[in-house]
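Colleague: Kindly produce the complete structure, drawing on both the sequences and the hints.
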Amino acid sequence: MIILDLSRNQISGRLPWCLGDLQHLENLDLTDNNLYGDIPRSLGSLNWLTSLHLHNNRFSGKLPSSLHQLTELRILDLGKNAFSGVIPPWIGENLHNLEFLSLQSNEFYGDIPLQLCWLSALHLLNLAHNSITDSMKGTELQFTTTTPFLTSIDLSNNDMGGEIPEELMHLWGLRNLNLAGNHLIGRIPKKIGSLKQLESVDLSRNELSGPIPPGLSDLNYLNHLNLLFNNLSGQIPTGHQLQTLDDQSIYRGIDELCGAPLLKSCSDGKQSVSYKHIEDEGGEGFDFFWFYAGIGPGFSVGFVGVCCTLHFKRSWRYTYFRLVDNVYNRILLVSALAAARLQRKFHKGELGG
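Heads up: the sequence shown begins at 1 in this note's numbering, then just goes up one per residue.
Quick caveat, the hints were computed from the structure, so don't treat them as lab data.
Possibly wrong hints are sitting among the right ones.
Unchecked claim - Taking lysine to aspartate or glutamate and the EDC-like style, the derived pairs with C-alpha atoms no more than 16 Å apart in a straight line are:
#, residue 1, residue 2
1, Lys190, Asp218
2, Lys80, Asp21
3, Lys190, Glu167
4, Lys80, Glu199
5, Lys191, Asp159
6, Lys80, Asp111
7, Lys264, Asp246
8, Lys190, Glu166
Modeller: Right, here's the structure in full:
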C-alpha cells in the first residue's frame, strides 16, 4: 500500500501501532476526524513517507522523536490539534526535504528553533495560533539566507514581541506575510516594498507605530492588507496598488492616521481636500454658477453681433424691420379681436341678467 486516505470521516479513537508496518506507505491522510491521544512511535518506521496529514483531530502530547526518521517528508500538516511542548529542533535538523510545515492551532510554546531555518526547500511555514514567545532575534537572518523558496509565513496569534526584523525583507519570493495578533513594536520596515511578490500582508492587532512606509504602494500584486488596531500615524501613502485597497476597515482602530480612504483629512492637505469636497458634494451648484456666469457675456455678444449686422447689411436691415412691423401688426390685430370678443360676452351677460 502506497496511499492511505481516511480523511473527512468520523473515525475516532487512537492510532493503532500497526500503521508502522505499512513499510511502503508514501501518503497518510487522516485529516478531519475525531482521533485523539499520542502519535504512536511506530510511525517513525515509515521511511518512504512523503506526506503526513493529521490536520483537525484531537491529538495531544509531544511529537515523538521517532518522526525524525521520516527524512523523505515533504508535507507535514499537524494543524488544529492539541500538541504541546516546544517545537522540536529535529524538524529542521532531519526533515530537510520539507516544503510545507503547518503546526498551527496547537499548544506549542517557547522560541522558534533556529534549526527550522535549515529547511532550505521550505515554501510554507504556518505556526499561527500557538503560544510562541520568540522575538525572532537570531532566527531572521538564518531564514533569509537558507530558505530562498519560502513563499508564506504565518506566525499570527502568538505571544511574539520585539520589532519586525529587517532581514525578513530579503525573502524575495514571499507572497504571504501574517504576523497579526502578537505584541510587535516599532515601525513597519521601510524595505517592505522590496518584497515585490507580496499578495497578502496582515500586521493587525500589534503595537506597531510610526508612519506606513510608502513602499507598500509599490507592491503591484498586493490584494489583501490589514493594519487595524496598531499605533500607526501620519498620512496613508497614495498611488499604485494602495488606490485599489480602499476599504476603511483596513485601518480601523488607528486614530492617528489620515488621508484616503479615511474621511479624516491631513493637516497639510486641507486645501486639496476642500476643493475635492466642493467638487464632489457641490458639483451641481458649481456647474450652475458657470452656466449663469456665461449667460451675461453671451447675451451681450449676441446682441452686439445682431446690431452690427443690421447696421452694415442694408438688405438685412430692411427685412428685419419689415418682419418686426408685421409681427407688431399681428399682435395688434389679435389683441383687438380678443377685446371685441370679450366685450360681446360682457354685453350678452348683462342682457341675460
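Colleague: Each hint: holds or not?
Modeller: The hints, checked one at a time:
1. Simply put, Lys190 and Asp218 have alpha-carbon atoms about 12 Å apart, close enough for the 16 Å limit, and the pair holds.
2. Among the hinted pairs, Lys80 with Asp21 is inconsistent with the structure: their alpha-carbon atoms are about 26 Å apart, more than 16 Å.
3. A threshold of 16 Å between alpha carbons decides the hint, and for Lys190 with Glu167 the separation of about 12 Å falls inside it, so the pair holds.
4. Annotation: proposed proximity of Lys80 to Glu199 is violated, straight-line Cα distance about 25 Å (limit 16 Å).
5. Using a Cα cut-off of 16 Å, the hinted pair Lys191 and Asp159 is violated, with the two alpha carbons roughly 24 Å apart.
6. Proximity of Lys80 to Asp111 is assessed by CA-CA distance (about 19 Å); at most 16 Å being required, the pair is judged violated.
7. For the hint pairing Lys264 with Asp246, the CA-to-CA distance comes to about 14 Å; that is within 16 Å, so the pair holds.
8. Straight-line distance between C-alpha atoms of Lys190 and Glu166 comes to about 8 Å, which keeps the hinted pair within the 16 Å bound.
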